[in-house]
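Engineer: Take a look at the letters that make up each chain.
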Amino acid sequence: MSKPSDLVQGTLDMLVLKILALEPLNGWAISQRLKQISSDVLGVSDGSLYPALHKLERRGWIHAQWKASENNRRAKFYSLTRLGRKQLEKETANWNRVSAAISGIVQLDEV
Amino acid sequence: MDIEQWLYSLPLRLRGFFIPNQVDREMKEELREHLEQQINENMAKGMAPEEARRSAVLAIGGMAQIEQQCREARGRSVLHDFIQDLHYGCRQLRRSPGFSALAVLCLTLGIGANAAVFSWLEGVLFRPYPAVAHQERLFAVAGTVQGESRPDLLSWPDFVDLRSGCTLCEDAFVTSITGSTLNIGDHAEVTTGSVVSANYFDALGVHPILGRAFKPDEDVGNGSHPVVVISYQMWRDRFNGDPQIIGKTQRFNNVRHTIIGVAPEGFYGTFVGRVMQFWVPASMAEIFRGGGRKLEDRSARWIESYVRLKPGVSRAQAQQQISAMAARLQTTYPATNRGRGIAIWPLWQTPFNHARTMGPTLEVMAVVVAFVLLIACANVSNLLLVRSFVRRHEMSVRLAIGATRGRLLRQLLTEGLILSALGTAGGFFMAYGCRHLLGVLLPEGREMYLPGRIDGHVMALSAGLSLVVMLIMGLVPGLQTRHLDLAGQLKAESGGTVVVRSRGRIRSGLVIFQVCLSFILLVGAALLLESLQKIRTTSPGFSTTSVDMTGVSLVAAGYDVPRARKFQDELIDRLSALPGIQSAAFAAVTPLGYFDFSSTPIAVDGYQPSADEQPEVQYNQVSPGYLATMGIPLLSGREFTRGDDENAALVAIVNRTMMMRYWRGQDPIGRRLQVKGRWARVVGVAADSKYESMRETTKPFFYVPLRQDFVVEPDLNIRTTQPLQSTLAAVLREVHALDQDLPLYEMITLQEQVDRANSSQVVAVTLVSTLGGLALLLSAVGLYGVMSYAVAQSSRELGLRMALGAGADDLLRLVISRGLRLTAGGVLFGTVAALALTRLLGQLLYGVSPHDPLVFGSALAVMTITAISACLLPAWRASRTDPARVLRA
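Quick mapping for you: the protein sequence lines, in order, are chains A and B. For the first sequence, my numbering begins at 1 and goes up steadily by one. For the second sequence, my numbering begins at 1 and goes up steadily by one.
Treat the hints as calculated values from the structure; they're not laboratory data. One or more of the hints may lead you astray.
Under the rule of at most 27 Å between Cα atoms (straight-line distance), these lysine-lysine pairs were calculated in the BS3-like manner [what the hints assert, rightly or not]: (1) B:Lys45 with A:Lys35; (2) A:Lys86 with A:Lys67; (3) A:Lys18 with B:Lys28; (4) A:Lys67 with B:Lys28; (5) A:Lys55 with A:Lys18; (6) B:Lys699 with B:Lys534; (7) A:Lys18 with A:Lys35; (8) B:Lys28 with A:Lys55; (9) A:Lys35 with B:Lys28; (10) B:Lys699 with B:Lys676; (11) A:Lys18 with A:Lys90.
Full structure from sequences and hints, please.
Structural biologist: Rendered as structure tokens:
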């Protein structure tokens with residue numbers, strides 16, 4: 001397993017927050033959702049998801065709760081907190097600014 | 001981390017701390033759940049179960065690493081680490097009990113000595129009056145006399161003016177120590193109490209648990225308010241805790257007093273060194289102190305007083321206002337107040353009571369114990385250094401498997417914390433055990449009450465100290481980990497050819513530091529000892545052997561002046577007629593006692609004082625034959641006779657210093673001297689002697705006949721060849737022959753009187769020598785440790801030297817000379833420091849220069865002998881080195 005680079009790590013946090021903003025999910029579901037959305041471009045291994053979840057939980061951005069999953073097994077469900085929502089807004093705005101700037105540079109006409 | 005975030009994560013942290021296992025279990029369960037799902041999915045894709053599992057594990061990538069990463073992501077609590085360190089540290093210390101015991105013992109001695117001295121400072125100087133609130137705003141008030149360094153007491157009228165004029169003071173009150181015979185049933189004994197102003201209890205904020213305090217008008221009118229507040233102790237012990245005590249009467253000094261109140265438990269009055277048993281209002285001063293017109297007489301200075309400043313008022317502001325008032329008193333009452341001021345002191349500088357005698361000693365002690373603590377710390381650091389060498393392999397392994405240096409440092413600091421916590425606990429026990437030591441060390445110990453006080457301040461200060469100690473002790477070996485060479489250490493296994501060079505330097509430095517500090521203490525102790533020796537061998541100027549002193553309680557028995565005169569003459573006649581008694585005489589004050597001599601402005605025919613000089617000299621009222629009884633030589637002229645009475649012309653005897661100063665060495669006999677505004681003729685010159693302290697320098701002094709300046713209850717001095725007990729019996733017999741009811745005060749020899757005057761010196765010498773000895777012992781242990789270690793480390797070198805022909809003697813000399821080199825370094829620094837520091841002993845020194853070469857020499861000798869003894873055992877071991885064995889090894 002390769003450790004995601006810093007850029008991807010920061011992005012991973014944002015993606016997880018975004019996914020959880022839609023609905024509370026357990027770890028497995030989050031990993032499936034990640035694969036669907038990013039079509040494996042980001043190369044997030046399943047393993048690196050969990051430390052990220054625990055870190056986000058410790059920061060108070062997401063909240064964990066043990067509940068029965070759809071197939072009636074006990075699973076840990078994560079949901080976004082108020083703090084997490086604010087963080088997501090901040091990171092989204094940040095991302096938009098940076099990506100706009102970068103795409104501006106990349107699209108400059110070469111002479 | 002902002003507050004909201006902290007609040008969100010708090011439950012997680014608490015869970016992580018209190019139920020770490022469950023948290024871990026849940027984390028594993030979550031990962032397992034993921035794995036199961038993946039396996040299910042893989043099997044749904046058509047994989048065989050075995051392959052489905054393998055592929056799922058690969059996808060998640062190393063279960064153990066993920067678990068570890070999750071744990072790190074959750075963060076480990078610092079507290080959790082700390083508890084782990086604590087466990088580990090305790091285990092480590094248990095594994096080497098010898099080291100631990102020695103280290104804790106050193107720290108207990110160091111911290112205990114400090115805590116004890118802090119508790120004395122607190123209990124005697126800073127907060128001496130338990131049960132009294134806001135002691136930091138209490139200030140002692142005393143009079144000052146121009147040209148004299150020693151403060152005087154105040155008169156009642158001056159105090160009344162001060163109280164009404166001081167707007168910056170919340171309150172001002174008077175207290176004056178007194179004694180009384182107390183008869184309850186057939187049991188009589190002397191108790192100590194205070195004559196106080198009526199506002200005393202209110203000003204202190206102390207409220208009687210039974211009855212009431214004094215009313216405002218109860219300190220007005222001579223003898224008109226025979227009321228008393230008794231102490232809790234007296235109420236409980238003498239009156240069996242009688243709940244109906246209020247309103248009952250009790251005779252104090254033969255005057256029936258109504259008991260109006262019982263003071264609360266734990267209130268001992270306001271006199272450092274004594275426990276007060278009763279309080280009477282100032283209107284009763286005459287009954288307890290005698291001397292006449294105490295409340296109206298502005299020249300009768302008998303009160304000790306205190307002010308409580310209003311909150312926020314500084315000492316300087318209050319002093320300014322009080323000085324202005326004193327200046328007004330000078331112009332309004334020039335006859336009594338010329339050249340006199342009024343000053344206030346913080347409690348710890350109180351110029352009267354035992355704060356005055358113990359203050360300088362305790363100040364020196366505070367410095368001395370700080371030294372002892374530093375020496376103890378150096379010792380423990382040394383021990384830790386040795387141990388850190390022993391543990392270097394353990395440290396290397398821990399570094400190798402991923403501990404950070406910060407984590408190692410934290411572990412070492414925790415071990416230091418355990419040691420210093422144990423030392424502090426031991427120290428508190430030691431301080432608690434020593435809390436009454438000061439009183440015990442004083443010769444008159446039984447009566448003294450000088451308790452240490454272990455309160456929040458003392459605890460906080462000691463805890464702060466131990467924290468510093470912990471840092472020092474943990475950091476020294478901690479810094480050593482910087483020098484750990486990982487690869488080298490692990491390769492070398494525990495065989496130990498890798499010697500970290502700087503370690504030796506640090507240890508030698510610590511020993512030099514210890515020797516330096518103990519040398520300073522040695523010099524200090526030697527100087528104090530030398531001073532005490534000088535004081536003991538200096539003659540006070542009067543005989544100390546073969547003179548006894550006592551007093552007859554005439555004031556309490558209600559004697560007036562004519563009756564007292566008659567009684568005194570008859571008693572002297574009777575005593576002089578006894579075979580064993582050579583002579584007997586009265587004196588208002590006996591030298592070197594607690595009571596000060598009166599002083600008076602004087603004028604001398606032919607002596608022109610300079611513009612701002614107001615000559616004022618102390619004097620004593622004595623009966624005929626006083627100089628002969630005391631053994632003070634009469635240089636010229638005559639002693640007083642029975643003829644020098646109240647009807648005869650006024651006469652005086654001056655001492656030699658007074659003759660030299662005011663008559664410029666010419667014979668003053670027949671010349672005139674003005675005392676209290678009246679002219680007296682000088683009839684004799686007495687030799688100089690000590691008057692108030694053995695450490696005082698010669699000063700002018702004169703005597704007047706007791707009959708011409710009468711005191712009802714003077715001291716009685718008796719010159720005799722008989723032992724004290726038979727003299728006491730004889731005097732009692734003669735006194736009772738004159739008046740059956742008269743009690744006698746304690747009888748002591750003048751030697752005892754002198755010993756009591758020197759008591760603070762004795763305390764200082766005892767404490768400083770004890771601690772100096774302790775410091776010496778600790779340093780010797782330190783030196784021994786360093787030398788033993790050096791010998792053990794260099795056994796190869798020693799063996800080589802032997803193999804090349806060095807004898808056992810050479811090796812012995814080699815080791816001892818190395819030890820002496822370290823000692824010499826310490827002594828060198830110590831000498832420089834001691835030369836600068838011994839001046840601080842200041843007024844505790846007598847007849848010896850703070851730079852006395854003999855003292856420094858003997859301290860050096862003691863230090864050298866100690867150093868050689870400390871090196872002997874290691875040196876002997878070195879000389880027994882077996883070259884064949886160590887070289888083969």
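Engineer: So, for every hint listed, does it hold in this structure?
Structural biologist: We went through each hint and held it up to the structure:
1. B:Lys45 with A:Lys35: Holds - the C-alpha atoms of Lys35 of chain A and Lys45 of chain B are around 17 Å apart, at most 27 Å.
2. A:Lys86 with A:Lys67: 25 Å, holds
3. A:Lys18 with B:Lys28: 25 Å, holds
4. A:Lys67 with B:Lys28: 16 Å, holds
5. A:Lys55 with A:Lys18: 16 Å, holds
6. B:Lys699 with B:Lys534: 19 Å, holds
7. A:Lys18 with A:Lys35: 14 Å, holds
8. B:Lys28 with A:Lys55: Holds, at roughly 16 Å.
9. A:Lys35 with B:Lys28: 23 Å, holds
10. B:Lys699 with B:Lys676: 19 Å, holds
11. A:Lys18 with A:Lys90: 12 Å, holds
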